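Protein chains: 2
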Amino acid sequence: MLKKFLLAPGPTPVPPEALTAMAMPIIHHRSPDFLPILEEAKNSLKWLFQTENDVLILCSTGTGGMVGSVTNFMSPGDKALVVRGGKFGERWTEICTAYGVEAINIDVEWGYAVKPALIEKALKKDPSIKAVMIQASETSTAVMHDTEAIGKIVKKYPGTLFIVDAITALGVIDLPVDKWGVDVCVTGSQKALMLPPGLAFVSVSEKAWKFNETAKCNKFYFNFKKERANLAKNQTNFTSASSLIVGLNTVLRMMKAEGLENIFKRHARLADATRAAMKALGLKLYAKESPSTALTAVEVPAGIDGGALTKLMRDKYGVTVAGGQAQLKGKIFRIAHLGYFDTFDMIVGVSCVEMALKEMGYTKIKLGKGVAAAEEILMKF
Amino acid sequence: MLKKFLLAPGPTPVPPEALTAMAMPIIHHRSPDFLPILEEAKNSLKWLFQTENDVLILCSTGTGGMVGSVTNFMSPGDKALVVRGGKFGERWTEICTAYGVEAINIDVEWGYAVKPALIEKALKKDPSIKAVMIQASETSTAVMHDTEAIGKIVKKYPGTLFIVDAITALGVIDLPVDKWGVDVCVTGSQKALMLPPGLAFVSVSEKAWKFNETAKCNKFYFNFKKERANLAKNQTNFTSASSLIVGLNTVLRMMKAEGLENIFKRHARLADATRAAMKALGLKLYAKESPSTALTAVEVPAGIDGGALTKLMRDKYGVTVAGGQAQLKGKIFRIAHLGYFDTFDMIVGVSCVEMALKEMGYTKIKLGKGVAAAEEILMKF
Numbered sequence: 001m002l003k004k005f006l007l008a009p010g011p012t013p014v015p016p017e018a019l020t021a022m023a024m025p026i027i028h029h030r031s032p033d034f035l036p037i038l039e040e041a042k043n044s045l046k047w048l049f050q051t052e053n054d055v056l057i058l059c060s061t062g063t064g065g066m067v068g069s070v071t072n073f074m075s076p077g078d079k080a081l082v083v084r085g086g087k088f089g090e091r092w093t094e095i096c097t098a099y100g101v102e103a104i105n106i107d108v109e110w111g112y113a114v115k116p117a118l119i120e121k122a123l124k125k126d127p128s129i130k131a132v133m134i135q136a137s138e139t140s141t142a143v144m145h146d147t148e149a150i151g152k153i154v155k156k157y158p159g160t161l162f163i164v165d166a167i168t169a170l171g172v173i174d175l176p177v178d179k180w181g182v183d184v185c186v187t188g189s190q191k192a193l194m195l196p197p198g199l200a201f202v203s204v205s206e207k208a209w210k211f212n213e214t215a216k217c218n219k220f221y222f223n224f225k226k227e228r229a230n231l232a233k234n235q236t237n238f239t240s241a242s243s244l245i246v247g248l249n250t251v252l253r254m255m256k257a258e259g260l261e262n263i264f265k266r267h268a269r270l271a272d273a274t275r276a277a278m279k280a281l282g283l284k285l286y287a288k289e290s291p292s293t294a295l296t297a298v299e300v301p302a303g304i305d306g307g308a309l310t311k312l313m314r315d316k317y318g319v320t321v322a323g324g325q326a327q328l329k330g331k332i333f334r335i336a337h338l339g340y341f342d343t344f345d346m347i348v349g350v351s352c353v354e355m356a357l358k359e360m361g362y363t364k365i366k367l368g369k370g371v372a373a374a375e376e377i378l379m380k381f
Numbered sequence: 382m383l384k385k386f387l388l389a390p391g392p393t394p395v396p397p398e399a400l401t402a403m404a405m406p407i408i409h410h411r412s413p414d415f416l417p418i419l420e421e422a423k424n425s426l427k428w429l430f431q432t433e434n435d436v437l438i439l440c441s442t443g444t445g446g447m448v449g450s451v452t453n454f455m456s457p458g459d460k461a462l463v464v465r466g467g468k469f470g471e472r473w474t475e476i477c478t479a480y481g482v483e484a485i486n487i488d489v490e491w492g493y494a495v496k497p498a499l500i501e502k503a504l505k506k507d508p509s510i511k512a513v514m515i516q517a518s519e520t521s522t523a524v525m526h527d528t529e530a531i532g533k534i535v536k537k538y539p540g541t542l543f544i545v546d547a548i549t550a551l552g553v554i555d556l557p558v559d560k561w562g563v564d565v566c567v568t569g570s571q572k573a574l575m576l577p578p579g580l581a582f583v584s585v586s587e588k589a590w591k592f593n594e595t596a597k598c599n600k601f602y603f604n605f606k607k608e609r610a611n612l613a614k615n616q617t618n619f620t621s622a623s624s625l626i627v628g629l630n631t632v633l634r635m636m637k638a639e640g641l642e643n644i645f646k647r648h649a650r651l652a653d654a655t656r657a658a659m660k661a662l663g664l665k666l667y668a669k670e671s672p673s674t675a676l677t678a679v680e681v682p683a684g685i686d687g688g689a690l691t692k693l694m695r696d697k698y699g700v701t702v703a704g705g706q707a708q709l710k711g712k713i714f715r716i717a718h719l720g721y722f723d724t725f726d727m728i729v730g731v732s733c734v735e736m737a738l739k740e741m742g743y744t745k746i747k748l749g750k751g752v753a754a755a756e757e758i759l760m761k762f
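Taken in sequence, the protein lines are chains A and B. According to this note's numbering, the first sequence is numbered sequentially starting from 1. According to this note's numbering, the second sequence is numbered sequentially starting from 382.
Don't read these hints as lab results, they were simulated from the structure. Keep in mind that this is a model prediction, so the values were computed, not measured. The C-beta atom is built at its ideal place from N, Cα and C for all residues, glycine as well. Each hint should be verified, as a subset may be incorrect.
[What the hints assert, rightly or not] Computed Cβ-Cβ distance ranges for the label pairs, DEER-style: (1) A:344 - B:760: 54 to 60 Å; (2) B:424 - A:327: 32 to 38 Å; (3) B:424 - A:125: 31 to 37 Å; (4) A:261 - B:646: 56 to 62 Å; (5) A:104 - B:606: 38 to 44 Å; (6) A:214 - B:595: 26 to 32 Å; (7) B:711 - A:1: 55 to 61 Å; (8) B:642 - A:233: 27 to 33 Å; (9) A:104 - B:670: 55 to 61 Å; (10) B:670 - A:254: 49 to 55 Å; (11) A:178 - B:689: 29 to 35 Å; (12) A:344 - B:416: 27 to 33 Å; (13) A:35 - B:665: 29 to 35 Å; (14) A:125 - B:396: 29 to 35 Å.
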């Protein structure tokens, strides 16, 4: 018997409350039984997004939400300013390119956050840029860009939308969508929302709806205008992923009971503890600045095989963390703390890193030292 | 307490075996634990589709699969011959239009099946037509088009693909994809596959993959070439809807245990019984020919309000059937028999129709007469 722990940045563990709710008999999405379910989800999502605007519910992964966030507001030939500081920044560029939108890339060294002044400079130089696209939390590098500061800049440009991939940020850090001027904000079900993959959520500002009127990119499955009209009737454009939406209400009720402020505090506490533990073990964080509250990326120490490390953690100890993606493959490991995570999930993660590194012959590790550092922080709440 | 029965043509009831399997802790889609799960699903889908070709697994509703079946094989300006005999035929046209593909529509009177000779004639007249698109079962009218006959015709045209929406046909009737020359075959999770909505499945022939090489329609989320490359590694291009795929293996194991031939026989028996029951009650079937094995569409008798009928069935008796769509709204009701349905589901449906029509003052109804006719057929197996 090996008890398993999922400490990867998505999918994240699903609470038993949601698993059992989703195991109830399926509800027809055009029946009156479903209307109050979608209405509750719709309203709760506004609460989570801190927005007065509609939050669309799509049946896809988060990437589908990103695609729709390009195609519903842009036309071929339009320019988008893309902050490219990791694999998911690259994804914005790829989506733009796939639909004929010209991506102007601000390349940021991986491990660093974009300097908002660079965005201001680019917009000043070319105010015809139709959108600025960033990651609130770049999952591949565990770095957060400054959504608030960038929002303030973009707000000054009436011809420019602020489109934010908040897939590993929403429900993790305070990200008041309306207050910060985020026109289009995307997240997915399998992250802080503690659900299986299958739903994407996108909030759309009134400013963005104006762009929608003239947006000419091809679209059919992700048609936000039609989703909005359906949402007003507590429906979705195509078949609703009804079981997942039942689960969504369960987790949103749990989140409401905890309260946004407490959710953000819990995530910050877990992130602080994890980072302190890694430092106490003599390990280096990959994020050189603005480390993400959603996950911690840790450099694999010299002489250690990163792939073998995560494999040992998983196969011997049952602890699944994420390795590095693209050029970071084998060079970092990533411990998640977004979603259904609490004190002892972090203790498990840190303890497992200690044992696995020790076993792999990394002599600098002192067993228990990371755990002790984490405990120092985890005790305070 | 009101026990509820879902007799609509999707979503359909999910067996408890699948509900509990999906309620197990979530599995990371890039972990080794997931690889055999996807491998099993991949192979079982080939069995279900009766194909040697890859069956792609997408995180979307069936409509997403339809969109990908256009954009991955066609270029703007290409021509597609669309059989338009219901709401879902119209959807093929809408998708083509959204991506700049020219839809040449063969309009078929609702309630009838397309005459395959019309397709032959159209292809002879214009062999530059790149694809023929049909519904194997048009869910809005409960009519089946002759997939086998049309497949034989399209096979003769090396420059034309046969693209079939089998969303309410696959796993219902014998639809041997390879044998019948179906190049692209789409289905969804919430129909005969007895799962919640959230997955689409698309088989792609070698002939179709050749078209894929030059297809220029915009695409990103539904990128079949990338899905194929990932499938070879037992992965999906973006995050896998892992919980649904776990459920998929459960239902596919159930289907394998039953056997394809028995599955088709069961569906045919339920469809026969339902049709016989409706006729015994003096009601008219909406399908004038080739009635679907997936569901039965019944004309609402004159003087009866169709909306009130389905509402009464649902609110008083807990039985959800589907009403009519588009121009058929209020004019028909549709009883499904695809997926997790057996003898007594049909008895419940027929019995409910009897009681509801009687209560609404439809004097021609003789209680029990429809049930008796159904029983005559249901007994024989």
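Against the structure, the hints:
{"no.": "1", "hint": "A:344 - B:760: 54 to 60 Å", "in the structure": "holds, 58 Å"}
{"no.": "2", "hint": "B:424 - A:327: 32 to 38 Å", "in the structure": "holds, 34 Å"}
{"no.": "3", "hint": "B:424 - A:125: 31 to 37 Å", "in the structure": "violated, 55 Å"}
{"no.": "4", "hint": "A:261 - B:646: 56 to 62 Å", "in the structure": "holds, 59 Å"}
{"no.": "5", "hint": "A:104 - B:606: 38 to 44 Å", "in the structure": "violated, 27 Å"}
{"no.": "6", "hint": "A:214 - B:595: 26 to 32 Å", "in the structure": "holds, 31 Å"}
{"no.": "7", "hint": "B:711 - A:1: 55 to 61 Å", "in the structure": "holds, 58 Å"}
{"no.": "8", "hint": "B:642 - A:233: 27 to 33 Å", "in the structure": "violated, 43 Å"}
{"no.": "9", "hint": "A:104 - B:670: 55 to 61 Å", "in the structure": "holds, 58 Å"}
{"no.": "10", "hint": "B:670 - A:254: 49 to 55 Å", "in the structure": "holds, 53 Å"}
{"no.": "11", "hint": "A:178 - B:689: 29 to 35 Å", "in the structure": "violated, 43 Å"}
{"no.": "12", "hint": "A:344 - B:416: 27 to 33 Å", "in the structure": "holds, 29 Å"}
{"no.": "13", "hint": "A:35 - B:665: 29 to 35 Å", "in the structure": "holds, 31 Å"}
{"no.": "14", "hint": "A:125 - B:396: 29 to 35 Å", "in the structure": "violated, 60 Å"}
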